[in-house]
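**Q** Here is how the chains run, residue by residue.
Protein chains: 2
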Amino acid sequence: MNRRGILIVISGFAGTGKGTIVKGLLSKYDDFALSVSMTTRNPRPGEVNGESYFFVTKEEFEKTIKEDGLIEYASYCDNYYGTPKAYVEEQLAKGRNVILEIEIQGALIIKEKFPDSMLLFIMPPSAKELKDRLTGRGTETPDVIAKRMRRAADESEGIEKYDYIVVNDTIDKCVEDTYNIIEAYHMRPVFNEDFINTVRQGLKDINN
Amino acid sequence: MNRRGILIVISGFAGTGKGTIVKGLLSKYDDFALSVSMTTRNPRPGEVNGESYFFVTKEEFEKTIKEDGLIEYASYCDNYYGTPKAYVEEQLAKGRNVILEIEIQGALIIKEKFPDSMLLFIMPPSAKELKDRLTGRGTETPDVIAKRMRRAADESEGIEKYDYIVVNDTIDKCVEDTYNIIEAYHMRPVFNEDFINTVRQGLKDINN
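Residue numbers (this note's numbering), protein chains in the order written: chain A, 30 to 237; chain B, 30 to 237.
Please note that a few of the clues may not be correct.
As the list makes no split between identical chains, a pair holds if one copy fits it or if it spans any two.
Quick list of in silico lysine-lysine cross-link-like pairs, DSSO-like style, CA-CA up to 30 Å [unchecked claim]:
(1) LYS190 with LYS233
(2) LYS233 with LYS47
(3) LYS190 with LYS114
(4) LYS202 with LYS52
(5) LYS87 with LYS157
(6) LYS114 with LYS176
(7) LYS140 with LYS52
(8) LYS140 with LYS233
(9) LYS233 with LYS176
(10) LYS87 with LYS57
(11) LYS123 with LYS202
(12) LYS57 with LYS202
(13) LYS157 with LYS142
(14) LYS202 with LYS233
(15) LYS190 with LYS140
(16) LYS123 with LYS190
(17) LYS233 with LYS157
(18) LYS142 with LYS190
(19) LYS123 with LYS142
(20) LYS123 with LYS140
Hints were generated in silico from the structure; no laboratory data involved.
The structure displayed is predicted, hence computed values, not measured ones.
For reference, chain A alone in the conformation it holds in the complex (with noise of 0.2 Å):
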């Protein structure tokens, strides 16, 4: 029996290893797909186009907005950012979880629109992990870093808002821990209506 794929949503603080968990989902198991958003910032040397984002202009953003095309929006630093909605149901069809990594806002839309979404929200071990990990990465100023650990103390407002919360201390128990989460959410009854129906309908039979 086809089983409904999940959209999940994964939020957490920058330097939290969202990205290194989703890539780890992605590659250890074949049920998960993920979702590309839709921009109108400039694509950054390397990037490219389809995967890292799909680059529009204004006006193909806009024209999408209106054809109710995206799940959600919203406007960042005079730029749009958007999840595509043609993907993402494609893809649930499937049978496949679909992924997107956004940030509150955008997750709290989502479970809205979708109340059989799944947020997830991946937590550090500690704030000192959090602020060593930014640290260690040796690639940004005290000063950016400094903005990073604000923004994760006013992010962490939300937490309560997520359905489930991951502890990142090691990756591969992380990813391990979070699709255990994602296995266990598969088994509300909501994924498995073609199931229920079919015992049911069975025990209707034996009856009659």
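Model the placement of chain B on the given structure of chain A, informed by the hints.
**A** Relative to chain A, chain B alone:
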């Protein structure tokens, strides 16, 4: 950090192996406790007070109702059945998951009073398998089996009200699946308030 226990309601048709699964959870994992119901019905041979049930008089039961000492109760075949509150709350506070083996009416009352509780419905792999199991026991008359199958058909109407279903194909696998669903549920923010607040406070401290 102490983690709060989960109040778990387990329901399922007669013959799905509910009792065996509950026993499996209790014997395999040590963070579980089984709630013992209170009843006014007479003990059957071999039933031990405080293990099978707390056997009380009608007057004692009604006194407990008045004192708000029951989480839920129902009257069935002229006898009262209920879940004493004190034991459940004591175990949850100790971080143990408390299992209640009750039917849908009670389950829905629990969910209303304890929104963080978890309702689990054990499913047979198929209607035919359920009938085979009931027949295979060899202890029930065809009449009783027919009655149980009709009851199962009625009960199947409420499955969608449960948080999760688990399919009992083989006992060991089903116990493990159930445990995994419970472990995943532990990662809901409400069961991790201490941890979330510690990280949040840590972020604030670093920023000051």
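**Q** Could you run down the list of hints and mark each one as holding or not?
**A** Against the structure, the hints come out as follows:
no., hint, in the structure
1, LYS190 with LYS233, "between (40 Å within a copy, 20 Å between copies)"
2, LYS233 with LYS47, "between (47 Å within a copy, 22 Å between copies)"
3, LYS190 with LYS114, "both (23 Å within a copy, 29 Å between copies)"
4, LYS202 with LYS52, "both (14 Å within a copy, 29 Å between copies)"
5, LYS87 with LYS157, "neither (40 Å within a copy, 58 Å between copies)"
6, LYS114 with LYS176, "neither (33 Å within a copy, 48 Å between copies)"
7, LYS140 with LYS52, "within (23 Å within a copy, 37 Å between copies)"
8, LYS140 with LYS233, "between (35 Å within a copy, 28 Å between copies)"
9, LYS233 with LYS176, "between (62 Å within a copy, 12 Å between copies)"
10, LYS87 with LYS57, "neither (36 Å within a copy, 59 Å between copies)"
11, LYS123 with LYS202, "both (28 Å within a copy, 27 Å between copies)"
12, LYS57 with LYS202, "both (12 Å within a copy, 22 Å between copies)"
13, LYS157 with LYS142, "neither (36 Å within a copy, 38 Å between copies)"
14, LYS202 with LYS233, "between (44 Å within a copy, 27 Å between copies)"
15, LYS190 with LYS140, "both (10 Å within a copy, 19 Å between copies)"
16, LYS123 with LYS190, "both (28 Å within a copy, 26 Å between copies)"
17, LYS233 with LYS157, "between (59 Å within a copy, 11 Å between copies)"
18, LYS142 with LYS190, "both (15 Å within a copy, 21 Å between copies)"
19, LYS123 with LYS142, "within (20 Å within a copy, 38 Å between copies)"
20, LYS123 with LYS140, "within (21 Å within a copy, 33 Å between copies)"
Comparing the model with each earlier hint shows violations of hints 5, 6, 10, 13; every other hint is respected.
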